[in-house]
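Produce the complete structure using the sequences and hints provided.
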Amino acid sequence: MAAVVLENVSKRFRKVVLRTGYTTLKSTLTHLFTGDSRPAEYVEALRDVSLTVPRGTTLGIIGRNGSGKSTLVRIIAGIYWPSTGRVMTEGRVSALIELGAGFHPEFSGRENIYINGIILGLSKAEIRRRFDDIVGFAGLEEFIDSPVRTYSSGMYMRLGFSVAVHVDPDILLVDEVLAVGDEAFVRKCLEKMDDFRKQG
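My numbering applies: residue 1 is where the sequence shown begins, and numbers increase by one.
Warning: the hint list may mix true and false statements.
List time: in silico DSS-like cross-link candidates among lysine-lysine, alpha-carbon distance up to 27 Å [to be verified]:
| hint | residue 1 | residue 2 |
| --- | --- | --- |
| 1 | LYS192 | LYS124 |
| 2 | LYS69 | LYS198 |
| 3 | LYS192 | LYS15 |
| 4 | LYS26 | LYS15 |
| 5 | LYS69 | LYS15 |
Here are the computed distance ranges between Cβ atoms for each label pair [stated by the list, open to error]:
| hint | residue 1 | residue 2 | range |
| --- | --- | --- | --- |
| 6 | THR57 | ALA125 | 25 to 35 Å |
| 7 | GLU106 | SER10 | 52 to 62 Å |
| 8 | VAL16 | PHE131 | 26 to 36 Å |
| 9 | ARG47 | GLU191 | 35 to 45 Å |
| 10 | LEU25 | THR57 | 21 to 31 Å |
Honestly, the hints are just simulated from the structure, not real lab data.
Every residue, glycine too, gets a C-beta built ideally from N, C-alpha and C.
Dropping the structure here:
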């Protein structure tokens, strides 16, 4: 049974060009009201990607910077919609895509755990039951009531990964974010992912 199926998925983004040379209010307003006669330009991040990932499979996507890896992960996570093609996922998807994604910097770690848990489909009671495990895995007991804006990048990653793995995901998507963690915690994360793989 497939956990992820992509059929002829393409994604293109409108190319944003910063224009300079509007030095007066009059020239800026004239440009805004008359528009730009040049046609829009697009960048194709993915073209006709088809992929089937069976349940219980661990898959790594490698390639050069700008080759569309993060775009593909975001499409599977449902953050981006494909320009063309279909994406099907089976089960709960949990994603750790970029540092601090989904965290509100002014809220405490505790508040962010509840917000993220609810976004990922858990009830408040389920989050309460898992709360100590999430904080313990992240090793942030001392800082859990501090605003996450005061966290280091490693603390962000610890909290994000811990929330992502404690919602019992059927599909766990991890982008390059583990690169900021200390060696011991990265090893702990890899062991947790290996446990998921063994469980299918």
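Evaluated hints:
1. As the CA atoms of LYS192 and LYS124 are separated by approximately 24 Å, the hinted pair is consistent with the 27 Å bound.
2. A hinted pair counts as satisfied when its Cα atoms are at most 27 Å apart, and LYS69 with LYS198 qualifies at roughly 25 Å.
3. Distance restraint check for LYS192 and LYS15: the Cα-Cα separation of roughly 39 Å exceeds the 27 Å cut-off, and the hinted pair is therefore not satisfied.
4. Proximity of LYS26 to LYS15 is assessed by CA-CA distance (about 26 Å); at most 27 Å being required, the pair is judged to hold.
5. Restraint check for LYS69 and LYS15: the C-alpha separation of about 18 Å stays at or below 27 Å, so the hint holds.
6. Under the hint 25 to 35 Å, the C-beta atoms of THR57 and ALA125, about 32 Å apart, fit the expected range.
7. One distance hint, 52 to 62 Å for the beta-carbon pair GLU106 and SER10, is violated here, with the actual separation near 38 Å.
8. Between VAL16 and PHE131, the C-beta spacing of about 41 Å breaks the proposed range 26 to 36 Å.
9. Between ARG47 and GLU191 the C-beta distance comes to about 36 Å, which sits within the given range of 35 to 45 Å.
10. The beta-carbon spacing between LEU25 and THR57, approximately 58 Å, falls outside the hinted interval of 21 to 31 Å.
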